[in-house]
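For reference, the chains in residue letters:
There are 4 protein chains.
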Amino acid sequence: MNKGRLEAFSDGVIAIIITIMVLEMKVAHGGSLQDLRSVLPVFLSYVLSFVYVGIYWNNHHHMLHTVTAVTGGILWANLYLLFWLSLFPFTTGWMGENHFTAVPTALYAFVLLIAAIAYVILQQTIIRAQGPDSILKKAIGSDWKVKLSPVLYIAAIVVAFRSAWIAQALLVIAALVWLIPDRRIENYVRATHSTSH
Amino acid sequence: MNKGRLEAFSDGVIAIIITIMVLEMKVAHGGSLQDLRSVLPVFLSYVLSFVYVGIYWNNHHHMLHTVTAVTGGILWANLYLLFWLSLFPFTTGWMGENHFTAVPTALYAFVLLIAAIAYVILQQTIIRAQGPDSILKKAIGSDWKVKLSPVLYIAAIVVAFRSAWIAQALLVIAALVWLIPDRRIENYVRATHSTSH
Amino acid sequence: MNKGRLEAFSDGVIAIIITIMVLEMKVAHGGSLQDLRSVLPVFLSYVLSFVYVGIYWNNHHHMLHTVTAVTGGILWANLYLLFWLSLFPFTTGWMGENHFTAVPTALYAFVLLIAAIAYVILQQTIIRAQGPDSILKKAIGSDWKVKLSPVLYIAAIVVAFRSAWIAQALLVIAALVWLIPDRRIENYVRATHSTSH
Amino acid sequence: MNKGRLEAFSDGVIAIIITIMVLEMKVAHGGSLQDLRSVLPVFLSYVLSFVYVGIYWNNHHHMLHTVTAVTGGILWANLYLLFWLSLFPFTTGWMGENHFTAVPTALYAFVLLIAAIAYVILQQTIIRAQGPDSILKKAIGSDWKVKLSPVLYIAAIVVAFRSAWIAQALLVIAALVWLIPDRRIENYVRATHSTSH
Chain E
1 MNKGRLEAFS
11 DGVIAIIITI
21 MVLEMKVAHG
31 GSLQDLRSVL
41 PVFLSYVLSF
51 VYVGIYWNNH
61 HHMLHTVTAV
71 TGGILWANLY
81 LLFWLSLFPF
91 TTGWMGENHF
101 TAVPTALYAF
111 VLLIAAIAYV
121 ILQQTIIRAQ
131 GPDSILKKAI
141 GSDWKVKLSP
151 VLYIAAIVVA
161 FRSAWIAQAL
171 LVIAALVWLI
181 PDRRIENYVR
191 ATHSTSH
Chain C
1001 MNKGRLEAFS
1011 DGVIAIIITI
1021 MVLEMKVAHG
1031 GSLQDLRSVL
1041 PVFLSYVLSF
1051 VYVGIYWNNH
1061 HHMLHTVTAV
1071 TGGILWANLY
1081 LLFWLSLFPF
1091 TTGWMGENHF
1101 TAVPTALYAF
1111 VLLIAAIAYV
1121 ILQQTIIRAQ
1131 GPDSILKKAI
1141 GSDWKVKLSP
1151 VLYIAAIVVA
1161 FRSAWIAQAL
1171 LVIAALVWLI
1181 PDRRIENYVR
1191 ATHSTSH
Chain V
2001 MNKGRLEAFS
2011 DGVIAIIITI
2021 MVLEMKVAHG
2031 GSLQDLRSVL
2041 PVFLSYVLSF
2051 VYVGIYWNNH
2061 HHMLHTVTAV
2071 TGGILWANLY
2081 LLFWLSLFPF
2091 TTGWMGENHF
2101 TAVPTALYAF
2111 VLLIAAIAYV
2121 ILQQTIIRAQ
2131 GPDSILKKAI
2141 GSDWKVKLSP
2151 VLYIAAIVVA
2161 FRSAWIAQAL
2171 LVIAALVWLI
2181 PDRRIENYVR
2191 ATHSTSH
Chain S
3001 MNKGRLEAFS
3011 DGVIAIIITI
3021 MVLEMKVAHG
3031 GSLQDLRSVL
3041 PVFLSYVLSF
3051 VYVGIYWNNH
3061 HHMLHTVTAV
3071 TGGILWANLY
3081 LLFWLSLFPF
3091 TTGWMGENHF
3101 TAVPTALYAF
3111 VLLIAAIAYV
3121 ILQQTIIRAQ
3131 GPDSILKKAI
3141 GSDWKVKLSP
3151 VLYIAAIVVA
3161 FRSAWIAQAL
3171 LVIAALVWLI
3181 PDRRIENYVR
3191 ATHSTSH
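Chains as they are written, first to last, in my numbering: chain E, 1 to 197; chain C, 1001 to 1197; chain V, 2001 to 2197; chain S, 3001 to 3197.
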């Protein structure tokens, strides 16, 4: 099977997700600063989601870099991840339009949680497919970020019903943690290349 | 002609279809769980269609893998398939918003039926173009899935006017049948490669 | 400059145009056959536009096949063509929603006309860039389709105000004429290859 | 890291941005010339934004041509630029629907300004990554266009509150300045190639 087409399809879906989210920012009918202010919550939720989708694209990019053969399992694990990412425009719009209240914030964090689990499932599927000498397994080592994120998402879900703003803060922190790209894979690949030359 | 561009264009269209379907999940104005529940039917129809489009992308991927030269016939048969797939967002949204009632369910199954026929037309066009030694023809053998699906879709159309829920069950079963990717083509290609080395 | 990226970008834009047109088929609130019938005019205009965009993608594909170096002129002539194609979703939706009445039909034909002219401009820009031995110039010969189409579009614009249905017939005929892909380019390329071997 | 995937993703996002802007041209319910006239302001703002996005795609294309290795910094600087470009459909729709009044025009120019700064940030990030012998640095020389554009955008923001039409004129001039593609990079690359042969 062809990795290039899997990457191209994933890139296409992620590019569309990241771009159609902006359609949730409905154009206000009036042209004053007040009208613009009414779009502000949706804009803020858009910024957060743009960062999250950017992080997923970045990490997805790194992870697939280690893949040599695409199995049916990898293909469906990848589609499962894309499915949950495709819900971001909806949860983003709902959270923004309802000004970051409890239920929409909890749903937003819930979809982030399932997407994070889907990412781990894809990671494990690739590692299984690569066998005992999996380059991805060696590269990720003890992936503290992958372990921390779901804790923060679950905390955000629980906290949302008490204070939606603390929940938002948790989601922002979880994004900032991921903003640092997964350099371990790059480093490992580079180290391996140096050794083999 | 260039197969890469045909694949890239098909991937683009399929990626857009699978992603814009989520736009049918209109953001509810309220932020309560009840408001969320009102989106549930559209969400469920979205899940079903996401799986179907994923199946089509997967099988399309395998089928085009055997193509070496793109003829005008293949190009138009491919566009004909994409046309029917492009109606999925509409039928999905209509079925979801009307809570899986008879007519929308029958239309949903009808578009699935015509898309399945379009898939067979594309398959036959490729086989004809490949000539007597068609690798695709040998690979697909007796394609029981391709024969079973239309029967299930027709059954769903007929049953929808009696019980929309049995019709839904038939559509879910028809999707589950296809979830197993078309490994025969892979196997055949692999077997041929092994022999020739 | 890189032809691959020009093709990929054009494919992306054309794939989006052909797919978002379906969003103009607004999901009816009711779930009866009557509700479905109200979408029929937009569906019919969607079919016509899908065929036209498919034709443009197909011919664009053949034309760019002869390009070796992308100049700034080709790049902007290509964007100019994409601009007019990007108006298809609007004119398609407007014509469908107004049941093929005079002004929307005339506008639809007008945008087709300008897109056809933009296609010729792109063709001429490529021929100029290729110089005296232009492979595209030799391949297209006396392009009667390119000359016939604008006449049919202009006739459709004029006739629309008398009989919108005759105008539609002209637009359908103009599409059918183009459905036969531009085999001359293929033939010429093939002939040249045969000679040089 | 893989430059091809960065280009493909950027092309995808830019292709979607340039195409979904047309969705802001809401189909009028009536089918008369007056109904069409009501869409004219959104159409004009769409033309301006199409040209701007085309310019960005073109220049982005040239700039990335000089990149050999994609660093994490380049990846995020690129996403930052895409974020601001992704706001174009919103600002375009808002400006068009409010008939080019002061606040929407100022916001439109403001997003252009930040996008221009994001472009410079990406340029500088690439130059830093390329080190002292940066081919991009040598190619851009004294980039008067990059310096002039922000001045015109700032002027448009200030002037918008006095005369929205002069502000529009400034934005049109700033686009016309950029319409001439960045041939210096091409020339430099070509010159270097000639020398090395």
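The set of hints was computed from the structure by calculation and includes no laboratory data. The reader is advised that the hints may include incorrect statements.
Stated by the list, open to error - In silico negatives: residues of chain V with every beta carbon more than 12 Å from chain S: (1) S2010; (2) Q2034; (3) T2068; (4) S2086; (5) F2090; (6) V2146; (7) W2165.
Claimed, not checked - List of simulated lysine-lysine pairs, DSSO-like, C-alpha gap at most 27 Å: (8) V/K2145 x C/K1138; (9) C/K1026 x S/K3138; (10) S/K3003 x V/K2003; (11) C/K1026 x E/K145; (12) S/K3026 x E/K26; (13) E/K138 x S/K3003; (14) C/K1026 x E/K3; (15) C/K1003 x E/K26; (16) V/K2147 x V/K2137; (17) E/K3 x V/K2145; (18) S/K3003 x V/K2145; (19) C/K1003 x V/K2026; (20) S/K3003 x C/K1003; (21) S/K3137 x E/K3; (22) C/K1003 x V/K2003; (23) S/K3026 x V/K2003.
Stated by the list, open to error - Here chain C is said to cover these stretches of chain E; the calculated rule only asks that three of the stretch's residues, wherever they fall, bring their Cβ under 8 Å from a Cβ of chain C: (24) 102–113; (25) 119–129.
What you are looking at is a predicted structure, and each value in this text was computed from that prediction instead of being measured. Note that the Cβ used here is the ideal one computed from N, Cα and C, for glycine as well.
Taking the hints in turn, this is what the structure says about them:
With a minimum CB-CB distance of about 9 Å to chain S, V/S2010 fails to clear the 12 Å threshold, and the non-interface call is violated. Non-interface status of V/Q2034 relative to chain S is upheld: no Cβ of that chain comes within 12 Å, the nearest being about 20 Å off. With a least CB separation of 15 Å from chain S, V/T2068 remains clear of the 12 Å interface cut-off, as annotated. Not every beta carbon of chain S lies more than 12 Å from that of V/S2086, the smallest distance being close to 5 Å; the non-interface claim is violated.
Look at V/F2090: its CB is around 5 Å from the nearest CB on chain S, not clear of 12 Å, so calling it non-interface is violated. The non-interface label for V/V2146 is consistent with chain S: the shortest C-beta to C-beta separation is roughly 25 Å, beyond 12 Å. Taking the minimum C-beta to C-beta distance to chain S, about 15 Å, the non-interface status of V/W2165 holds against the 12 Å cut. Distance restraint check for V/K2145 and C/K1138: the Cα-Cα separation of roughly 40 Å exceeds the 27 Å cut-off, and the hinted pair is therefore not satisfied.
Between C/K1026 and S/K3138, the direct Cα distance comes to roughly 50 Å. Violation of the 27 Å bound is thereby established for this hinted pair. Taking the CA atoms of S/K3003 and V/K2003, the gap is near 16 Å; set against the 27 Å cutoff, the hint holds. For the proposed pair C/K1026 and E/K145, the alpha carbon gap of about 33 Å is over 27 Å, so the pair is violated. Between S/K3026 and E/K26 the alpha-carbon distance is near 12 Å, which keeps this suggested pair within the 27 Å criterion.
For the given pair, E/K138 sits about 24 Å from S/K3003 by alpha-carbon distance, which is consistent with the 27 Å threshold. Distance check on the hinted pair: C/K1026 and E/K3 sit about 34 Å apart at the alpha-carbon level, beyond 27 Å; violated. Taking the CA atoms of C/K1003 and E/K26, the gap is near 39 Å; set against the 27 Å cutoff, the hint is violated. Our distance criterion of 27 Å between C-alpha atoms is met by V/K2147 and V/K2137, whose separation comes to about 15 Å.
Between E/K3 and V/K2145 the alpha-carbon distance is near 40 Å, which puts this suggested pair outside the 27 Å criterion. Between the alpha carbons of S/K3003 and V/K2145 the distance comes to roughly 40 Å, so the proposed pair goes past 27 Å and is violated. At roughly 34 Å between alpha-carbon atoms, C/K1003 and V/K2026 are farther apart than 27 Å, so this suggested pair is violated. Of the supplied pair hints, the one linking S/K3003 and C/K1003 holds, its CA atoms being roughly 22 Å apart against a limit of 27 Å.
Proximity of S/K3137 to E/K3 is assessed by CA-CA distance (about 35 Å); at most 27 Å being required, the pair is judged violated. Taken as a hint, the C/K1003 and V/K2003 pair is honoured in the structure, with Cα atoms around 16 Å apart against an allowance of 27 Å. Taking the CA atoms of S/K3026 and V/K2003, the gap is near 34 Å; set against the 27 Å cutoff, the hint is violated. Here the segment 102–113 of chain E counts 4 residues with a CB under 8 Å from a CB of chain C, which clears the bar of 3, and the coverage holds.
Counting residues of the segment 119–129 of chain E whose CB lies closer than 8 Å to any CB of chain C gives 0, so the stated coverage by that chain is violated, three being the minimum.
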